[in-house]
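Novice: Generate the whole structure from the sequences, applying the supplied hints.
Chains as they are written, first to last, in my numbering: chain A, 6 to 192; chain B, 632 to 1071.
Derived from the structure by calculation, the hints contain no laboratory data. Don't be surprised by glycine CBs; every beta carbon is placed ideally from N, CA and C. Errors might be hidden in some of the hints.
Restricting the straight-line Cα-Cα distance to at most 35 Å, the calculated cross-link-like pairs of lysine-lysine (DSBU-like) are [claimed, not checked]:
| no. | chain 1 | residue 1 | chain 2 | residue 2 |
| --- | --- | --- | --- | --- |
| 1 | B | 991 | A | 174 |
| 2 | B | 1048 | B | 718 |
| 3 | B | 730 | A | 174 |
| 4 | A | 174 | B | 970 |
| 5 | B | 718 | A | 174 |
| 6 | B | 970 | B | 958 |
| 7 | B | 1026 | A | 174 |
| 8 | B | 912 | B | 730 |
| 9 | B | 912 | B | 1026 |
| 10 | B | 958 | B | 912 |
| 11 | B | 998 | A | 174 |
| 12 | B | 998 | B | 970 |
| 13 | B | 730 | B | 718 |
| 14 | B | 912 | B | 1048 |
| 15 | B | 1026 | B | 970 |
| 16 | B | 730 | B | 1026 |
| 17 | B | 950 | B | 912 |
| 18 | B | 970 | B | 912 |
Footprint (simulated), chain B over chain A, 3 or more residues, beta carbon under 8 Å [said to hold, decoys possible]:
| no. | region |
| --- | --- |
| 19 | 76 to 83 |
| 20 | 163 to 176 |
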Amino acid sequence: MSDEVREPDHEGEPEALTRPDDDVAAALCDRFPGAVFFSSHGQSVVYVDRSQLADAAQYLRDDEQFTMCMDVTAVDHLVDGVRHQPPGLVPERFEVVANFLSHTRNRRIRLICEVPASDPSVPSLTGVYPGTNFPEREVYDLMGITFDGHPDLVRILMPDDWSGHPLRKDDPSARVPVTFKGDPRPR
Amino acid sequence: MTARIQPDEQHPDHRIPDDEARLERQTGEGAQELHTRARELVLTGGTWPGDELGDTMVINMGPQHPSTHGVLRIMMELDSEEVVRAKAVIGYLHTGMEKTGEELTYVQGATNVTRMDYASPLSNELVYATAIERLLDIEVPPRATWMRMMLVELNRISSHLLFQATNGMDIGAVSMMLYGWREREEVLRLLETITGLRMNHDYIRPGGVAADLPDGWREHVADTMDLVEAGVADYDALLSENPIWLERTVGIGRITTEECLALSITGPILRSTGFAWDLRKAQPYLAYDDVDFDVIFTENGDVFDRYRIRLYEILESVKIVRQCVAKMPSGDFRVQDRKVTPPPRARIDESMEALIHHFKLFTEGFKVPAGETYTSVESPRGEIGCYMVSDGSGKPVRMHIRGPSFYNLQSMGPMVKDSLVADAVAIVSSIDPIMGEVDR
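Specialist: Here is the structure:
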């Protein structure tokens, strides 16, 4: 990287490494074309295409000894001021984020995939890591992203008859009036 | 990683693995086999198939049942006294704390996250503060680090004492409720003198802690630790060899390491299966590599083991707290960066600049560079994580907390299956879920 001339405009901006210094990330990038490695504050992050999410997770579990999926969550980037992303990646409105931990190798890795607002769906990880059942339901409930292949994709935190997905940025927190306030029923 | 071996002559079947067996399980060929088996495991945690019910009956336990630790509702399909399958129904305490977190500045956010896991609020504050500090790329001074460690361990003690109290009551040892509360009250009193509040402290803040330790804290901490140690000896004498207690707990609600790995279960439940995984040892944060303590683990994965692990973890935390008292460094208790920490109160009267910093900090907060990070610490219930996304403004784009109780609750299904209803109460109690954290 040293012989590259850095534009003054790009100073402080994230820079994707052409070749990751992380062996797992390098293997992922080799195996899944289009995957982009990014080092975020010292943590390994690999951006994969959303169609490859479950396959990448399967590869991490089977070949790289990532024993546990710690967390699945999603981000809505609708109103971002500055979006922090590696170059060479087409940004979409949503991001699904999965954190993995390898007990044997004592290290972590994070997979992120871009999900367009027009078709918010990703393959489910429940077939690979059954523990993602609850968190995927939570993402579906609060962010409205569907997980194909999930055994029981229903709302988990909000009431069953709720409309809308509260964690989306276009779902303002004061949309629904506070219950019990100004209750018209006679006492 | 070290491990403590608890001898148990009373129950030879409660074999406790030695160090070699544990290492083999984690890194050697045993690990490979373990992972192969974990791979084959298919658990549909929480799925409720819509097929025909035979002679079975579906009942709801909760959300107002006294032994569901808050507002947990469990749908159980019963074949007379036996549970055929069970499903946790949650969301009754959902208050949109992640959404609220997006609308609060980074300074205000600590008061929000501390209300998630209300039995161990300082763990929440710690993981939230470390996420912001990583994004800001600042390092807290040593005194703040050690104070944080001491407070988190005190909080672990109070949380495990709460578990001992409620677990005893759920299983029928009602006197445990009084004993557990007695010692917990002392720990909360100590936390109150340090932080100003019994719970929801808002004490660990980005950049350090809110205030320095009060006068006479050393004696207060030492006295409280003696009380806690005496209390733990009491519980041990009362329960650990009590035949009724053993009848209710030994062999109940078994879970294996494979199931725990597959279901993303961390904390005492994972350690009770013989897998000595503790983030404080494995990936040391704060100053955990400068203190001497053991990771407690057992091998049976039943209710008794989870009780025992939490009991002895109290003693390990006492050990850590005593070392913190002995080694507490002097110096600043928060980072001296006026953009992150407010100026001292006295400076505001004499310095215009300090007044401006104070005003800016408490109205619009500080700005965090755009980025994303995931930090994790070991809370009393397992790994608590914080995934934070910033867009360079004064409020996070996304503030997600990985609540250990939320994931651990998935173990309820496989553990309760084929057990009695009365045992289901003991099993749910041994998971130690905090619904504030499950529903957020």
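Novice: Are the hints correct? Go through all of them and say.
Specialist: Here is how each hint holds up against the structure:
1. B:991 x A:174: 26 Å, holds
2. B:1048 x B:718: Judged against 35 Å, a Cα distance of about 10 Å means the pair holds.
3. B:730 x A:174: 9 Å, holds
4. A:174 x B:970: At roughly 28 Å apart (the allowed maximum being 35 Å), residue 970 of chain B and residue 174 of chain A satisfy the hint.
5. B:718 x A:174: Holds - the C-alpha atoms of residue 174 of chain A and residue 718 of chain B are around 31 Å apart, at most 35 Å.
6. B:970 x B:958: Cα-Cα ~30 Å, so holds.
7. B:1026 x A:174: Answer holds: residue 1026 of chain B to residue 174 of chain A is near 13 Å, not above 35 Å.
8. B:912 x B:730: 33 Å, holds
9. B:912 x B:1026: Between residue 912 of chain B and residue 1026 of chain B the Cα gap is close to 33 Å, so the pair holds against 35 Å.
10. B:958 x B:912: 19 Å, holds
11. B:998 x A:174: 20 Å, holds
12. B:998 x B:970: 9 Å, holds
13. B:730 x B:718: 27 Å, holds
14. B:912 x B:1048: Holds - the C-alpha atoms of residue 1048 of chain B and residue 912 of chain B are around 33 Å apart, at most 35 Å.
15. B:1026 x B:970: Satisfied, since the Cα-Cα distance of roughly 15 Å is no more than 35 Å.
16. B:730 x B:1026: The given pair, whose Cα atoms are some 11 Å apart, holds under the 35 Å limit.
17. B:950 x B:912: 15 Å, holds
18. B:970 x B:912: 33 Å, holds
19. 76 to 83: holds (count 5)
20. 163 to 176: Coverage by chain B holds here, the residue count being 4 at a Cβ distance below 8 Å.
Hint compliance for this structure: every hint is met.
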